[in-house]
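Participant: Kindly produce the complete structure, drawing on both the sequences and the hints.
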Amino acid sequence: MAAQLSTGEVEALLDRASAATPSTDAIIAVVDVQGRILGVRTESGVVTSDLGFAIDGAVAKARTGAFFANNQAILTSRTVSHISQSTVTQREVQANPSSADVTVAGPGYVAPVSIGGQFPPGILRQPLVDLFAIEHTNRVSVSAGVGGPLIISRDSYAAQLDPTTPTTAVARGIATMPGGLGIYRLGTNEVVGGLGVFFPGPDGFATYEQGFIPSATQSRAARLNAPMALEAEVIALVTLLPI
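Heads up, the sequence shown is in numbering that gives the first Met the number 0, so the first residue is 0 and it goes up one at a time.
Hints were generated in silico from the structure; no laboratory data involved. Check the hints yourself; a few may be wrong.
Taking CB as the label site, the calculated pair distances span [claimed, not checked]: (1) G105 / T187: 37 to 43 Å; (2) G44 / G7: 49 to 55 Å; (3) D129 / P201: 22 to 28 Å; (4) G7 / P226: 31 to 37 Å; (5) L229 / Q71: 40 to 46 Å; (6) D129 / Q33: 20 to 26 Å; (7) V101 / A72: 40 to 46 Å; (8) R184 / A221: 34 to 40 Å; (9) N69 / T6: 22 to 28 Å; (10) P162 / P119: 41 to 47 Å; (11) P162 / Q117: 30 to 36 Å; (12) G105 / P162: 32 to 38 Å; (13) A72 / T136: 30 to 36 Å.
Using N, Cα and C, we set each Cβ at its ideal position, and we do this for glycine too.
Facilitator: So this is what it looks like as structure tokens:
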């Protein structure tokens, strides 16, 4: 089994990601293979109304990379988006699960606003895919009393930062915007963690990095390939290339 990420390696990954492009308004997160948050870098240009919620956006991408990458395939958050084809509404993305405001409270998915459904997309008479609505999952930890071991790695950033203090912050589940990749130990095919890069904008909503326009003329592909969405993916890829 490959050695897990050390503190020095996590710091080096965060440094590389922050230096990968001239932008200074991204949040970068590193998690281990179980989803525990190992490190977070909030760049100097990040100005957002709820920093913990915004950080959870990067954590969601990192966890997606860690959970789906494996020793046979480098599945990324973009890959998961393609094979899930979830239908996600604007209201679900422009929401915060920790907000007391009923007009804002909601899941806050890190996903493209789109109508999905069939796979392969665009092919008629195909069934819904197994990963449809995957964004709804992996949002809370599960106790040992429900038929399995304790899952300790699905907490929000605020909950993991100070587990002794009660918090209403809820994690943002599986992310299907680009920018979440698995971390492999060099020279092996073993996954040792995940890296997530997220541009939160002023509110931490994923509509920001997808350049969302509330118009039927903007396609799902356009949102997945918006400039900031592509930059997040490039930052993650460049960070993880061997040197």
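Participant: So, against the hints stated earlier in the document, which numbers end up violated here?
Facilitator: Violated: hints 2, 3, 5, 11, 12, 13.
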